[in-house]
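Given chain R's structure and the hints, the job is docking chain C with the ligands onto it.
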Amino acid sequence: MTTNKNGQTGPPREGPMVSAVSGPAVRAGGMRGCFMHEMTRVGPENLLGEVIKIEGDSATLQVFESTDGLKIGDEVKKSGELLSVDLGPGLLGSVYDGIQRPLSSLYERWGNFIGRGAEIQKLDSDRKWRFTPTVGLGDEVKGGTVIGTVPETKFLTHKIMVPHGVAGKITRITEGDFTITEAVAELETGEKLTMMQRWNIREPRPAGGRLGFDVPMLTGQRVLDTLFPVAEGGRAIIPGGFGTGKTVMEQTIAKYASADVVVYVGCGERGNEMADLLNDFPKLADPHTGGPLMDRTVMIANTSNMPVSAREASIYTGITIAEYYRDMGLRVVLMADSTSRWAEALREMSSRLEEMPGEEGYPTYLPGRLAAFYERSGRFKCKGREDETGSITIVAAISPPGGDFSEPVTQASLRTVSTYWALDYDLAYQRHFPAVNWHLSFVLSYGKLSGWFEKNAAPDWIDMTKEVNSILQREGELSDMAKIVGVDSMGEPEKMELEAARLIREGYLRQSAVHPADSYCKLSRQAKLLSLILSYIRAATAVVREGKGVKTVLNPEITERILRAKELAEDKLDQEIVLLGGEINRLNEREPT
Amino acid sequence: MKDLFSRSWRTIDSVNGPLIFVKMAGAALGEMATVVLADGSRRTGQVIGLDESTAIVQVFGPTEKISPATTSVRFRGEGVMANLSPLLLGRVFNGSGEPIDGAEAPHPVEKRDVNGSAINPVRRDVPSDFIQTGISAIDGMNTLVRGQKLPIFSGAGLPANELAGMIISNAKTLKKDGEFSIVFAGMGITAMEAEFFMDVFESSGALGHSVVFLNRADDPVIERLLAPRFALTVAEYLAFDIGMHVLAVLTDMTQYCNALREVSSTREELPGRRGYPGYMYTDLAGIYERAGRIMGKNGSITQLPILTMPDDDITHPIPDLTGYITEGQITLDRDLHRKGVSPPINVQPSLSRLMGLGIGPKKTREDHPRLSDQLYMSYSIGLEQRRVAAVIGEESLSATDKTYLKFADDFEWKFINQQGESRTIEETLDLAWELLAMLPKTELVRIDREMVAKYLPKTEDVK
Ligand SMILES: Nc1ncnc2c1ncn2[C@@H]1O[C@H](COP(=O)(O)OP(=O)(O)OP(=O)(O)O)[C@@H](O)[C@H]1O
Ligand SMILES: [Mg+2]
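Quick mapping for you: the protein sequence lines, in order, are chains R and C. Note that the working numbering numbers the first sequence so that position 408 is 408, with each residue one more than the last. Note that the working numbering numbers the second sequence so that position 170 is 170, with each residue one more than the last.
Okay, chain C solo, but in the shape it has when bound:
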């Protein structure tokens, strides 16, 4: 794609929304362009289509004053490139990768196309290292594993950022190998949210090993599509070139998807479900799949995307397509939040698909896998009893059913609820056994007998 001549064209044929149609020859699909206005001001754009002698350029930012008569377009000979260097750590950039922290951009060691390319599946190493987040609902029942992509499904007003903040501050691996860093992409986030995260980085001492890309709510929409790509290109560099363990936090993917929809509609593409483009699955996969481990490399990328479910609807295309790509999800729940349970994680629709790879003997504890299974089963029965009790009244329940009802309550208040306190994995597992002790022993059929004998507290009084 390299071209020695800078090619400037004053041949704009038409302008339609953010798209300008330039009569020219020699542009490449995906090539970046600089649009120069009559007053000398510049806009950035990208070639998104080629048709005969026309290049279709999408302009980032406002199109005010763009005029076929006076505006020229220069094609840069390359796609959207990220400048890479270890000196990016500790720095803050906008969605186009320009520094916004007042300092000069570090000298690039290397430049890479922000779209990246797919990791060859035969070169992927299976994630297997447990990450302790300090949160029981996650560590105990939806374990995060190094190299996993595990989003937080939130709703308007639910404390997803606080949860992400806790994870950023507390996350530990039992294995101490290689350095840790955070790459953050904020898409369409408010000043308050941005400040919240900057505070988290600062107070947890993570700022020095973080790279931040901020596309604020009032920044150009198209840069929302670029911010996570810059972030993940940097993440790949830090993980697979420098060997760091990177936690990539991407928020808010809902804003990202809305930007995608907006851009798609200005391109007059056929809209799919709820107006989102039909290729949204593929587009999101191009982001979420940029997580994992590679054979022979020390580093890893663990992704923690955050999204807001419109109207708390998990079947909305944004959480739906995300769930189809990511390796599980942590789902926040409005009822739990209203009750005051913090973090309000609903374990039922939550899932960590890689959990099995990161837990058990030598990783967490031998009883962990089946204990988690048992908690799921007992809590489901408890919830069912709660629904029944709501109709027929608690008095009409049998003794065992009442115990289950109590189990569900205690599970939410003592296990899920931790009000900012951080727990080790042993604390989490022991707590689970304490709760299960209230149920008849013959109900604990999802755990092996030997484990029950070994770990169940011997107090018979709860029955």
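So here's chain R without its partners, still in its complex pose:
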């Protein structure tokens, strides 16, 4: 750890105690019998720590709170338990730190600033929930069997499942109001079942068979759903330099995603951003159920100035909670902003342990850890209930140093993802948001989604998206030329191609996250808009190809109306489409407008 390496010469005393401190890494002696990832309490303030390395009698702990004030010889208490989360009704609507301590309880304990060493209940154990059994006496149950339900929110029925590893015949089960720690059922074996279970965050919860990607997870964002959709159960990454719009995108998706539950992990980012979310979400409605958005959300806020090791844990806390709801047969989306801060926490701990550094100082096991995390996403059959499916879609922001995507976190993530949304400084500087670069971004699994879109969006959806792609592709080629010869000296068809691209960019891809009519664009609306814009482009292109000049074909007023269509309320949009349809027809019939 630190410079003194002479090892074993600690003051002679009984029991586990601190023998060295270096930032969040604490070495403790007398730890014989401890195990990896065991939870410990350190020092007089009972700081929470986790065993991450064992050498003979001594163990290294990563401590989840500031270690200032610790002394050599301070007592260390072993818990015999792994770092785990409590799972049960009451998770929805909660705001936790990285180790699942409710931030509201931390406030009650310490006030406005976060203190240290609080042993705090993760789930409210006083609150009574209405439990309705779904199995009867004598029924055989096993891990994953639903024994009853609880209306956790107005729109979400929480399934109480038998913990994995437990099985037997029900000998008692009661309908009624219970707290999460009271037994609602009993097995022949004498085992009592409550509505709460505990799960080690570093171990994936078991699931049934993996299913394919054939349904999209819709975001209400045109550039994403139309050009780069993410499949339900897929993984999307959003790398981008600072200010390119990662957080706005994460927050927007958290609002509009076609999902039953959203777990939002603010990992090493800004306090004000979390405040903004906490201010917004309770007031906003879930676009799919109409209930309060907060009711489908679990937030984990471990901001940049909160302890680094808890930041590392926050991602796992989040995904474990996500898995729990997945196991109920729900569609869960895990938003992580930003995985780079998680990777940096790994790096910091690794360098304190004096491990051999890999690329950019990151530990060599970074790619493996990242891959293992992303593997926890997917669409699965539910374990123990093979007729039900649940999914976790991961949407992770990445903050590459200097906006350079060749760095290890982006590269290691790229290897495991299915959808890639690359954000771009140039677009952000022009305030073209979402600043998704359409040349760099990609989708791996689009093929299987095509059928779904053709059935649910529009029969010609795939053709339209191909057309958009080729228009944007052409612009890329032509604009290089335009820079050399000037647009004015290009041929009219080329000018038309550039105009077409502008219509797509401004009129379709650009989408304000704050405009009331534009921030959420449902799929049917996307199809309408896309078809409107493309039919205008097709009509105009045909006329230009016949030898007319772009200036005479494209009436600026019509173009302006096309560009503004996306901001119209639904009924106005329908009217406008009819009116503009008339104008487009006139073009088709080659009449001067």
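Treat the hints with care, as some may be off.
Claimed, not checked - Coverage of chain R stretches by chain C, computed from C-beta distances (three or more under 8 angstroms per stretch; other residues unrestricted): (1) 70-84; (2) 265-273; (3) 344-357; (4) 557-569.
As the list claims (entries may be wrong) - Heads up, simulated DSS-like pairs for lysine-lysine below, C-alpha to C-alpha not over 27 angstroms straight-line: (5) R:K283 <-> C:K363; (6) R:K551 <-> C:K458; (7) R:K548 <-> C:K458; (8) C:K363 <-> C:K454.
I should point out that these hints are in silico values taken from the structure, not numbers from a laboratory. Just so it is clear, the structure is predicted and the values come from calculations on it, not from any experiment. Positions of the beta carbon are idealized from the N, C-alpha and C atoms, including for glycine.
Frame of chain R; chain C with the ligands shown alone:
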């Protein structure tokens, strides 16, 4: 951490750069220590690591004459503490919080660890009050909001201090509630810079409600790391205990980061990008995140850090990590400065993330949000045309493109450029509309039609 016995040890085992290794028991991580030399002179140090029976103490200031044979180390039983009192206002201190204005230190009402602790995210109140700086590029397009952290990204020789000076002198909120104060931390700044800021405080009448921490270029490097922490501890006290609206000016964060790198390398830590330690993001977050508002409290902390981008490179780790933590940035530009535009703010790489919370109806004006959007779009097109014109010549541009070219020029000379003149937000917004009037109306697609009808000057002559 309190200890009734003062514990003095003459057991220094080794000395390595600013680090001394003391064989002892009972020191706490982060504890302050006094190092007493043979001649009775003293140095301050801090416990930065503990290993078995050794405390690793980092000495602030020179290590000359420190000797295992004659030097003793006394552990003070507490970390770096700031003495707090309303009487700090109007006073000047060094980077270790000792007065350097000739007067006695005020009697502390309270003492707090300078590292502070994180504001509980659920207790943060969302910033929402517009601050008028009088500068169009900021007020109009990168609005500062009370409780925000908005750094100035500067380059060597660019007038960041002048800009900060203007903001300090002119900053106003439309809401009049609570008193205003300034907390200033100068890190590794020259005598000239220090004097410049003291003049600004004096001439703007701000000196009486300012608290100044100066770590000059020739002061100990380690105190550069402490100065902003003292300043922000005081800021938190003034904002959340006394209820004042505090503007915290921190300059130069580049000097701060270089000090961090220097200290890290003497600790023989693994260097990260360009030699800066891997934990620099977390360290900087511990400073920048100490801004904001708290529910139920009247006060606020608005941070205005200043940094110098080495070689004007915005991807250098210092501006890069800062940009990843702060809520936007005001970026100064060498080309604009050379041309004579003052302040030389390049709006493209500038950003205020909290702008949306502080502008619009009832805050500034209904047209503000979209007007700003339109300015960004039109200026970007203008810049693109300028690049094209540089290759193919202005003559070859179409009429509309030429108008955009003119728009970009006018935007820089009439809107950005204000040569020290201060503008109200109405003046700024009206000026923007005047400029947009030269463009064809059908180009103004980022603003609602109704706003265009209401605010666009009705002069058709510019076309
Ligand atoms: N869809 C959008 N509509 C309108 N404005 C947007 C949109 N996306 C981003 N922005 C603007 O860009 C700013 C920066 O976005 P954001 O905070 O999401 O960046 P980021 O990539 O998360 O940066 P960092 O890495 O520093 O956290 C926002 O404050 C907002 O002004
Ligand atoms: Mg962000």
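Evaluated hints:
Counting residues of the region 70-84 of chain R whose C-beta lies closer than 8 angstroms to any C-beta of chain C gives 4; at least three are required, and the coverage claim holds. Here's how the region 265-273 of chain R fares: 5 of its residues keep a CB closer than 8 angstroms to some CB of chain C, so the rule of at least three is met and the hint holds. For the region 344-357 of chain R, the proposed coverage by chain C is satisfied: 5 residues have a C-beta within less than 8 angstroms of a C-beta in that chain, meeting the threshold of three. Here the region 557-569 of chain R counts 6 residues with a CB under 8 angstroms from a CB of chain C, which clears the bar of 3, and the coverage holds.
A C-alpha spacing of about 21 angstroms is found between K283 of chain R and K363 of chain C, which places the hinted pair at or below 27 angstroms, so the restraint holds. Our distance criterion of 27 angstroms between C-alpha atoms is met by K551 of chain R and K458 of chain C, whose separation comes to about 25 angstroms. Between K548 of chain R and K458 of chain C, the direct Cα distance comes to roughly 33 angstroms. Violation of the 27 angstroms bound is thereby established for this hinted pair. With a C-alpha separation of about 18 angstroms, the suggested pairing of K363 of chain C with K454 of chain C holds against the 27 angstroms cut-off.
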